[in-house]
Amino acid sequence: MSDATITNNIRRLRFDAGEMTQQTLADEVGVTRQTILAIEAAKYAPSLELAFRIAYAFGQPLEAVFQYEAPKAKGPRRP
Amino acid sequence: MSSTERSAWIRLGSLLIVFVPYFLYVLRLFDGDGPVGRATCVAILAAAVTHGVLNALGQFALRLAFGRQMYDERDAAIDAISLRVSYFTLITLVLCALSTMALLGAITPLSSTGTILLPGFAVTSQFVFLCIVAAEALRHATQLFCYRRAAFA
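Sequence lines, in order, name chains H and W. For the record, in the first sequence the residue sitting at position 50 is 50 according to the numbering used here, with numbers rising by one throughout. In short: position in the second sequence from 1, add 1000, done, that's the numbering used here.
This is chain W alone, in the form it adopts within the complex:
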C-alpha cells in the first residue's frame, strides 16, 4: 500500500468518524421542538475542528512512520478521476436535494395562515452540507477503489 493510499484511508476515516455522528446529532436536533440555530453552529464548529485535528494527526503519524510521501503521475491520474466523480456527485446531489425540498414545500398542505411551508434556511444549509460531505467521502472512496482494483488508462 502506497503512502498516498494510506493518506486517503486516513482522510476517509476521519471524515466518517466525525460527520456520521454529526449528521445523526443534527437530525435529532431538527426532530425536537427546541431552537436549532445555536446548537447547530456549535456542532458544525466542533465537527470541523475535530475533523481537522484528526486528519492532521493521522497525516503526521503517517509521515513519521513512512517518511515523505512520493506523488507520481498515477496518483495525479487517480486524483483527477476522483475529483471528477465527486464534483459530478456534488452537483447532482445538491440539485436533487434542493428540488426535492421545493417539491416537498409545494405538496405540503397550506398552513392555517394560508402560506406554503417551505423548509427553512437551517434545514436547507444542512442538506447542502450533507451533499458536500457525501461528495468528499465518495472522492476518497473512489481514490481507494482506483488504488485497489481499478484498471484505467
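So that you can see chain H by itself, here it is in the shape it has in the complex:
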C-alpha cells in the first residue's frame, strides 16, 4: 500500500441524500454493502470506474466525493 491516502465524503453525502443506506448505495452502484463499508472507512480504494459510479449516484463531481492526499515528504510535483 502506498503512503498516499484517498479520503472520501460518502458518509456525509449519504446523510445529505436523506440518510441513504449503504445497501441502497451498494445496489445503485452494483457492489456489496461490505465494499461500500470498506470504502467509507478508507480501507479499500475503489477502481476509477466505481469511484465515478459512486459520484454519479450522488450527482456530484468525482472530486466532491473523493480526495487524494499525496505523501507529505515528496511535496507537490513541479512542472
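For the record, the hints were derived by calculation from the structure and aren't laboratory data. Watch out, some of these pointers could steer you wrong.
One side of the interface only, derived from the structure: several residues of chain H facing chain W at Cβ under 8 Å [said to hold, decoys possible]:
| hint | residue |
| --- | --- |
| 1 | Val31 |
| 2 | Thr32 |
| 3 | Gln34 |
| 4 | Thr35 |
| 5 | Tyr44 |
| 6 | Ser47 |
| 7 | Leu50 |
| 8 | Pro71 |
Here are the computed distance ranges between Cβ atoms for each label pair [unchecked claim]:
| hint | chain 1 | residue 1 | chain 2 | residue 2 | range |
| --- | --- | --- | --- | --- | --- |
| 9 | H | Met20 | W | Met1101 | 55 to 65 Å |
| 10 | W | Ala1065 | H | Ala17 | 24 to 34 Å |
| 11 | H | Met20 | W | Arg1063 | 20 to 30 Å |
| 12 | W | Arg1068 | H | Ala70 | 34 to 44 Å |
| 13 | W | Phe1088 | H | Thr24 | 38 to 48 Å |
| 14 | W | Arg1028 | H | Tyr68 | 50 to 60 Å |
| 15 | H | Ala42 | W | Gly1013 | 24 to 34 Å |
| 16 | W | Ile1132 | H | Lys72 | 38 to 48 Å |
| 17 | H | Ser47 | W | Tyr1087 | 32 to 42 Å |
| 18 | W | Phe1030 | H | Glu28 | 50 to 60 Å |
| 19 | H | Thr5 | W | Pro1021 | 45 to 55 Å |
Remember, it's a predicted structure, so these values are computed and weren't measured experimentally. Positions of the beta carbon are idealized from the N, C-alpha and C atoms, including for glycine.
Dock chain W against the given chain H, drawing on the hints supplied.
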C-alpha cells in the same frame, strides 16, 4: 459478513476438517512397519471425496440461505492478493520440503549395503501434497484476513 466471506469460511473449514485428520493418519501410517501405498491411496481418495462433498453441501446451504452471491471488484482484489500469497507459499514450501529431504538423505548414514537412503516416492508425494493443502488453507485464511481487518488499495 458478505456471502463471499461466508463461502471462504466454508472452504477453509471443510479443508481443515478433512485434511488435518488425513495427514495425522498418513503420519501414523508412515510411522508403522506395514505397507503404506494402498492405504495412502484409499485415504487420499476418501479425503478428496469428503472434502468435495462437504464443500458442495456448505456452498449449497449458503446459496439456499442467502441467495445468489454477488462478486464485486473488492472480492476480485482480495482473490488476487490471496492467490499471490498462496502461490508464493506453495513454491517456498515445496522447495524447502524437497531440499530438506535431500539434505536428510545426504546426512543419513549409509545403509548396510553402502547406499544412501533417500526418502521414497510415497513420503515425497505426501510432503508435496501437504504443501499444496497448506498453501490452499493459507489462501482462504488470507481472504478472511482481508475481509475482516486489512486495509488495502
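* Please name the hints from earlier in the document that this structure breaks, with their numbers sorted from lowest to highest. => 8, 17
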